[in-house]
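Novice: Chain by chain, the residues:
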Amino acid sequence: DGGITQSPKYLFRKEGQNVTLSCEQNLNHDAMYWYRQDPGQGLRLIYYSQIVNDFQKGDIAEGYSVSREKKESFPLTVTSAQKNPTAFYLCASSMRLAGDYNEQFFGPGTRLTVL
Amino acid sequence: AQSVAQPEDQVNVAEGNPLTVKCTYSVSGNPYLFWYVQYPNRGLQFLLKYITGDNLVKGSYGFEAEFNKSQTSFHLKKPSALVSDSALYFCAVPAESGYSTLTFGKGTMLLVSP
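Just so you know, the sequences run in chain order G and V. The first sequence begins at 1 in our numbering and counts up by one. The second sequence begins at 1 in our numbering and counts up by one.
Hints are computed from structural coordinates only; laboratory data are not their basis. Treat the hints with care, since some could be wrong.
[To be verified] The list that follows gives simulated cross-link-like pairs (lysine-lysine, PhoX-like), each with its CA atoms no further than 25 Å apart: (1) V:K106 with V:K49; (2) V:K22 with V:K49; (3) V:K69 with V:K106; (4) G:K9 with V:K106; (5) V:K69 with V:K22; (6) V:K106 with G:K57; (7) V:K58 with V:K77; (8) V:K106 with G:K83.
With the hints as constraints, model all of the structure from the sequences given.
Specialist: Below is the structure:
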């Protein structure tokens with residue numbers, strides 16, 4: 001999982017609570033991403049950031065928020081507005097090169113369960 | 001829209017036999033194509049990518065992929081499967097939504113039996 005850490009590995013949340021998932025990378029990558037994985041649906045992009053202090057919504061951003069105050073860190077907050085938050089969350093990073101052929105490096109994931 | 005399709009939810013193969021995991025793509029312009037693997041409760045690991053050039057791309061762990069422009073396919077292959085190859089495999093293409101983002105297929109579970 002090379003250079004990207006996510007914490008915690010497992011997270012339990014009560015309905016109505018906000019929770020923040022941590023993602024840190026030491027690869028000196030400019031770009032970082034958050035995906036949600038549900039069985040049979042592949043990966044869906046939540047948010048991404050190309051540079052510090054800038055980020056964009058992905059395909060399923062509703063109910064989530066992010067910040068990018070440091071190059072190494074891209075935390076994801078799952079808010080109470082997210083109606084079905086139970087899922088496996090993956091953080092990734094990549095170099096920011098010209099052209100669309102940058103492989104992404106993934107963290108080990110955080111499994112969030114809403115009780 | 002840029003997309004990939006993985007037509008098989010699951011592929012079963014016996015150890016020692018060749019394996020193929022299928023992927024077809026729909027892109028505008030030159031295709032950039034990726035394969036990733038995910039072991040249980042882990043993040044994804046990059047296997048290989050096609051940018052341009054040779055239609056047979058070699059990657060990690062003995063995997064290779066064959067790019068076929070006329071069939072718009074990018075199938076993942078390995079000459080001799082191992083039980084340890086059992087995992088979830090994803091094909092991906094650059095997304096239209098943003099610079100360097102990827103769109104993933106739904107994944108194919110590969111099960112290699114002893």
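Novice: Tell me, which hint numbers fail for this structure?
Specialist: none
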